[in-house]
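Each residue of the sequence shown is one higher than the one before, counting from 1123 in this note's numbering.
To be clear, the hints were calculated from the coordinates, so they are not data collected in a lab. Don't be surprised by glycine CBs; every beta carbon is placed ideally from N, CA and C. Don't take every hint at face value.
Straight-line distance between alpha carbons at most 27 Å, and here's what the computed DSSO-like set of lysine-lysine pairs gives [claimed, not checked]:
hint, residue 1, residue 2
1, K1291, K1309
2, K1501, K1544
3, K1305, K1285
4, K1309, K1285
5, K1544, K1150
6, K1544, K1558
7, K1285, K1306
8, K1150, K1246
9, K1291, K1306
10, K1501, K1395
11, K1291, K1246
12, K1558, K1306
13, K1309, K1501
14, K1558, K1305
15, K1291, K1305
Label pairs and their calculated CB-CB ranges [claimed, not checked]:
hint, residue 1, residue 2, range
16, G1484, L1451, 48 to 58 Å
17, L1502, V1163, 26 to 36 Å
18, E1145, H1180, 14 to 24 Å
19, G1345, L1502, 20 to 30 Å
20, I1454, I1215, 26 to 36 Å
21, D1339, A1533, 31 to 41 Å
22, L1451, T1286, 25 to 35 Å
23, P1420, A1152, 14 to 24 Å
24, N1287, T1557, 20 to 30 Å
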Amino acid sequence: MRSHLLNDTTAEQYRRSVTQGVERVAAKLATTDRPFTGVTVDALSPRIDAIDLDKPLHDTTAALDELEDVYLRDAVYFHHPRYLAHLNCPVVIPAVLGEAVLSAVNSSLDTWDQSAGGTLIERKLIDWTTSRLGLGPAADGVFTSGGTQSNLQALLLAREEAKTNDSAKLRIFASEVSHFSVKKSAKLLGLGQDAVIAIPVDHDKRMQTLALARELDRCAEDGLVPMAVVATAGTTDFGSIDPLPEIAELCARHGVWMHVDAAYGCGLLASLKYRDRLTGIERADSVTVDYHKSFFQPVSSSAVLVRDVATLRHATYHAEYLNPRRMVLERIPNQVDKSLQTTRRFDALKLWMTLRVMGADGIGQLFDEVCDLAAEGWKLLAADPRFDVVVEPSLSTLVFRYIPAAVTDPAEIDRANLYARKALFASGDAVVAGTKVGGRHYLKFTLLNPETTTADIAAVLDLIAGHAEQYLGESLDRAS
């Protein structure tokens, strides 16, 4: 079994095995003509259940053949231009190369003596990001597993910086369309979901600052303590960006921690055309970024950034075997001092390779393309009487609903839209997402693929309308 260990004696076997896997994936990417096969849980489960994990195949080719059957054939392929559903981007090749390197070397980014240059590369990328954000010379941060972890850590820091020892008095303010991880973080921090006060949004799905001001005043009047305001730069459902400058002013006036969840909108940091949409983010106390959403990186590649490095002490714990206090005096950089995680992948390498090969402008150009595509898609929807589109996009998301000419019952229209999404997914021709707006069911395009065209959008809209009309026609037949 030692023949399977990656070391100096097995380097050639490693090259052959990985090459086989790369060739399989490359062949699949080259021949995939739709984002999904439409396979069902009932069809796929028996194939996986039939595999006896206690009986290895002892052959790489056989294992790849089996993997083709249980995974590669039916995977959802985000690179396809008609995958339009969630915040999943196609990935750039330099990042995939970085993924291959980091997996094989397998550095752990918790301490210097496990990563050396990896530590410095991650720190360089953190400095690069905080500079792009404009957080100032005392800024710092650390890579995380994703936006949920970043939001949790940011709110942990905010809780520790709050001016009270009575956690029951703490309140967090976030828009009613903010990410669910804000409430989840409050629960994990022992505050409870009731500690999160939802601020209403305007027609463009942006936080209403007048409502925020009223809630902050009410908080003080009730003897409560405002712990943090979470502004969103790119909401999951709408891609909307809260009015960051106005929120920053309110946070400064009330002495409240300002956190910006820019998990989605962080692509604007590299944008050549739309960077000004993040104006005000430079005043944040902490920021969440997900490079694996809008920097075209493989999952996971994310970070939490802070204005003041000193606040990261709230996540620090010194273990004698790992990062004893003397290492601080010896100026040995241990990233575990800043992180909620201990063992941690060298995910920063993917972004490093991307910047070194493509450059920030290359990333920004790709993100600008999907923002431009969303603007064109909005024009298509606004001009199409079959659809109701909710809001003009700030990033690359379109939320809309099929509206049949002859049906007025909102519940029936809901069912038609739900059916259309399900039928489209089952066909494998395209994948779209769904959400609720005002209690009604809507569909959603999250456009993160520069290869997607307006022709793709138009074709998928026709497919949606066709499936919805089929459902309504069958519904009328059943009723007659």
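Results for each hint:
Distance restraint check for K1291 and K1309: the Cα-Cα separation of roughly 14 Å lies within the 27 Å cut-off, and the hinted pair is therefore satisfied. A C-alpha spacing of about 25 Å is found between K1501 and K1544, which places the hinted pair at or below 27 Å, so the restraint holds. For the given pair, K1305 sits about 21 Å from K1285 by alpha-carbon distance, which is consistent with the 27 Å threshold. Proximity of K1309 to K1285 is assessed by CA-CA distance (about 20 Å); at most 27 Å being required, the pair is judged to hold.
At roughly 25 Å between alpha-carbon atoms, K1544 and K1150 fall within 27 Å of each other, so this suggested pair holds. Simply put, K1544 and K1558 have alpha-carbon atoms about 15 Å apart, close enough for the 27 Å limit, and the pair holds. The hinted pair formed by K1285 and K1306 meets the criterion: a straight-line CA distance of about 22 Å does not exceed 27 Å. In summary, the hint linking K1150 to K1246 is not supported, as the alpha carbons are separated by about 36 Å, beyond the 27 Å threshold.
Between K1291 and K1306, the direct Cα distance comes to roughly 18 Å. Compliance with the 27 Å bound is thereby established for this hinted pair. Among the hinted pairs, K1501 with K1395 is consistent with the structure: their alpha-carbon atoms are about 19 Å apart, no more than 27 Å. Taking the CA atoms of K1291 and K1246, the gap is about 38 Å. The hint is violated against a cut of 27 Å. For the hint linking K1558 to K1306, the alpha-carbon distance of about 20 Å falls within 27 Å, and the restraint holds.
About 41 Å separates the Cα atoms of K1309 and K1501, which puts this hinted pair outside 27 Å; it is violated. This hinted pair checks out: K1558 and K1305 have alpha carbons roughly 18 Å apart, not beyond 27 Å. Proposed proximity of K1291 and K1305 is supported: the alpha carbons are some 16 Å apart, at most 27 Å. Checking the proposed 48 to 58 Å range against G1484 and L1451 shows it is violated: the Cβ atoms sit about 41 Å from each other.
As the Cβ distance of L1502 to V1163 is approximately 33 Å, the hint placing it in 26 to 36 Å holds. Between E1145 and H1180, the C-beta spacing of about 21 Å keeps the proposed range 14 to 24 Å intact. A hinted range of 20 to 30 Å is violated for the C-beta pair G1345 and L1502, which are about 52 Å apart. A beta carbon spacing of about 35 Å between I1454 and I1215 agrees with the range 26 to 36 Å that was offered as a hint.
Checked against the hint of 31 to 41 Å, the C-beta distance between D1339 and A1533 comes to roughly 40 Å, which is consistent with it. For L1451 paired with T1286, a C-beta distance near 33 Å keeps the hint of 25 to 35 Å intact. As the Cβ distance of P1420 to A1152 is approximately 19 Å, the hint placing it in 14 to 24 Å holds. Roughly 39 Å separates the CB atoms of N1287 and T1557, a value that falls outside the hinted 20 to 30 Å.
Consistency note: the structure conflicts with the earlier hints numbered 8, 11, 13, 16, 19, 24.
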